[in-house]
Amino acid sequence: MRLSQKARLLAGVLVPMLALTACSGGSGSATGGGGDEQVKVTVWSWDGTVERAVPGFQAANPNIKVEVVNAGSSQDEYKALDNAIQAGSGVPDLVMFEYFAVPYFAVPGKLADLGEFGVDKLKQDYVPAAWSDVTVNGKVYALPSDYGPSAMFYNVTTLKKAGIEEPPATWDEYYEAAKKIRALGDDYYIAQDTGDIFFLLSLIWQAGGRPFKVDGNKVHIDFTDAGTAKAVAFWQKMLDEGLINTKITGWSDDWNRALNDGTLATQTMGGWLTSTLPERAPKAAGDFRVALMPQWQQGDKVGAANGGSSFGIPAAAEHKQAAFKFLEYFTHGGGLSSRVDAGAFVPNVSVLENKAFQTKTNTYFGDQKVGAVLAEASEIVGSGWQYSPFFEWARSIYGDLASPFYTTGKGSLAEILEQWRQRCIQYGNEQGFQVD
Amino acid sequence: MFIVPIVYAAYLSFFQDKLVGGNTFVGLANYGKLFQDTQFWDGVGRVVRFTLVQVPLMLILSMALALALDSLRLHGAKFLRVTIFLPYAVPAIVSTLMWGFLLGIKYGLFGSLNEALGTDFNPFAPDTTLISIGVVVTWAFTGFNMLIFYAALKAVPRELYEAAAIDGANELQIVRAIKLPALRGSLVVTVIFSIIGTFQMFNEPQILPSMVANSGVTTFYTPNLYAYNLAFTGSQQGYAATLALVMAAITVAVAYAVQIRGLRNASDH
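Going line by line, the protein sequences match chains A and B.
In terms of the numbering used here, the first sequence is numbered consecutively and its last residue is 436.
In terms of the numbering used here, the second sequence is numbered consecutively and its last residue is 1269.
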């Protein structure tokens, strides 16, 4: 499970990976010569678009050299950072984090509070939910760099075949559509799920559930609030009635084939699927469209997020000031547009509301104006969502607990979540948090 | 020098590194926890069961192939030797991917088989995954073991066969009286290698879950996989070091027992 989920989170940022050694200029600092002392900012990033911002930044700031290093993706990088912090040497100045990893580093004090750099003035340029993703206990520890608003990708041809003219706008309609699609035959399903925790959480998120509450070292986990219960019961019904394919796992070869031949009618995932789908399902070009997630109430407009990442400055970093300068440059300043052009999907209001971004058509999606849909999906993401500080570990064991249910049908999602909660409580307390 | 990493692991095993509160000395607490950890013993049980079934089957197959090659009655023996050995040269990650596609129920070989026969057999269901891994491992290592046996057979002095022929022994008697006893030493070696290999199983269960849905492979499927996940996603390095040490001790104990027993039997003859 681990690999596939990781792959999924990466998908959003696997835009052209540039040679990462491009700008490893001289390492010696040029003292003397009259000017300011030269500093070198080391950036750890697996987002290839960050590199694009370097030349412009260095031209504007001749005394700062930026070196972008790929220190691994996701947990490989987190591990490397933990080791560097522990060893007290080789700590980078700027590091990429998925949103769920921010509390993991922020809570034990391993990240610098960005308040001292006056980040509050940048708040208004972010969709509110992205800002809350980087805020831990009231302090901002990172700046959002890419975003994964949940959206529904649907195959028009398959829907038409099943007699569905409009994509389902509510989960009730989704349920009815699922039955019609299922009626097409053995291999036709509205979607697949083999225990995808990020999907289930996005459903819970949208329904208003907030299962993780973090306050300092105190973590409260509860999968019984009204929103969570509603989302879980709905998905349980979909699974119980055999409307979901539980044999195909996302990002597998089987998944590619099913997307190509149209037997999986929809995918409710992060907006980053926009760049992944054409690679995975080239034969389905022109068949897919994007819509907002189906709603819980007719007429509502609430969304959720699924993936996305940010950059923070380690507390032990050497050149915090210079690092922040570069961070601001590629998330707001002159460096932002080069990243957007290279395919980065950012949660900046200024980009999302830009005319060119909103009106650009995408041939793969039948010339749909995909940007406009995803911009709206970003702006309606429900606020106040939090991840537990040890979410990285928690998601890794979720598959162990969910797998028996998905293979035998015994048990229920609610039971799995309760077991998950118990394991999280045990682990969290062992790790020094106060979890209940 | 070889002992340094082990000593360091032993040192680590006395500590617990907490996300909040940092590194603390915990004495033998990690060991106490490990002995009560049902996930650890679940993994140990799995590799032991695997060893008990897969290793004998594979070694019998290897031995039969070595005897067949040595009988000089096969055409194209050289070609056969290379083909059987070839899978050993394929990295485990690649072979797992290959077999994953081959055995896949949707588009792979088993998909077609199930369709033709109207059956619903899934080689990567929770109950069958371990058998499928057994097939992959057997495929990969049969040739390697065969070569060890074959080398031992080649070392048998030709005079012994001539003497046997003069005594009027048939092929079966030659195998029983000369060849099998000659293989005893290499059998001990191959058994030990196989046990160590199995106890360290990692690549196959690490790769499979990303290919197949719900194959039943957990984060603690084998002790090695468990140690990896403890260290790299749970940041429980101390506990992972404890697990590694205990597992190494178990492996050494089993391998040593096999060696003692194998050598004693050998000297009986």
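These are computed hints drawn from the structure, not numbers from a lab.
For glycine and all other residues, C-beta sits at the position ideal for the given N, C-alpha and C.
Just so you know, not all the hints are guaranteed correct.
Here are the simulated lysine-lysine pairs, PhoX-like style, with alpha carbons at most 25 Å apart [stated by the list, open to error]:
1) A:Lys247 x A:Lys123
2) A:Lys360 x A:Lys301
3) A:Lys179 x B:Lys1106
4) A:Lys139 x B:Lys1018
5) B:Lys1106 x A:Lys247
If you anchor each label on the Cβ, the simulated ranges turn out as follows [claimed, not checked]:
6) A:Val69 x B:Phe1193: 34 to 44 Å
7) A:Lys360 x B:Leu1109: 51 to 61 Å
8) A:Thr224 x B:Val1026: 29 to 39 Å
Checked hints:
1. A:Lys247 x A:Lys123: Status violated; Cα separation ~43 Å.
2. A:Lys360 x A:Lys301: holds (23 Å)
3. A:Lys179 x B:Lys1106: holds (22 Å)
4. A:Lys139 x B:Lys1018: Holds, at about 23 Å.
5. B:Lys1106 x A:Lys247: holds (9 Å)
6. A:Val69 x B:Phe1193: 34 to 44 Å: holds (40 Å)
7. A:Lys360 x B:Leu1109: 51 to 61 Å: violated (45 Å)
8. A:Thr224 x B:Val1026: 29 to 39 Å: Roughly 34 Å apart at Cβ, these two residues keep to the hinted range, so it holds.
Consistency note: the structure conflicts with the earlier hints numbered 1, 7.
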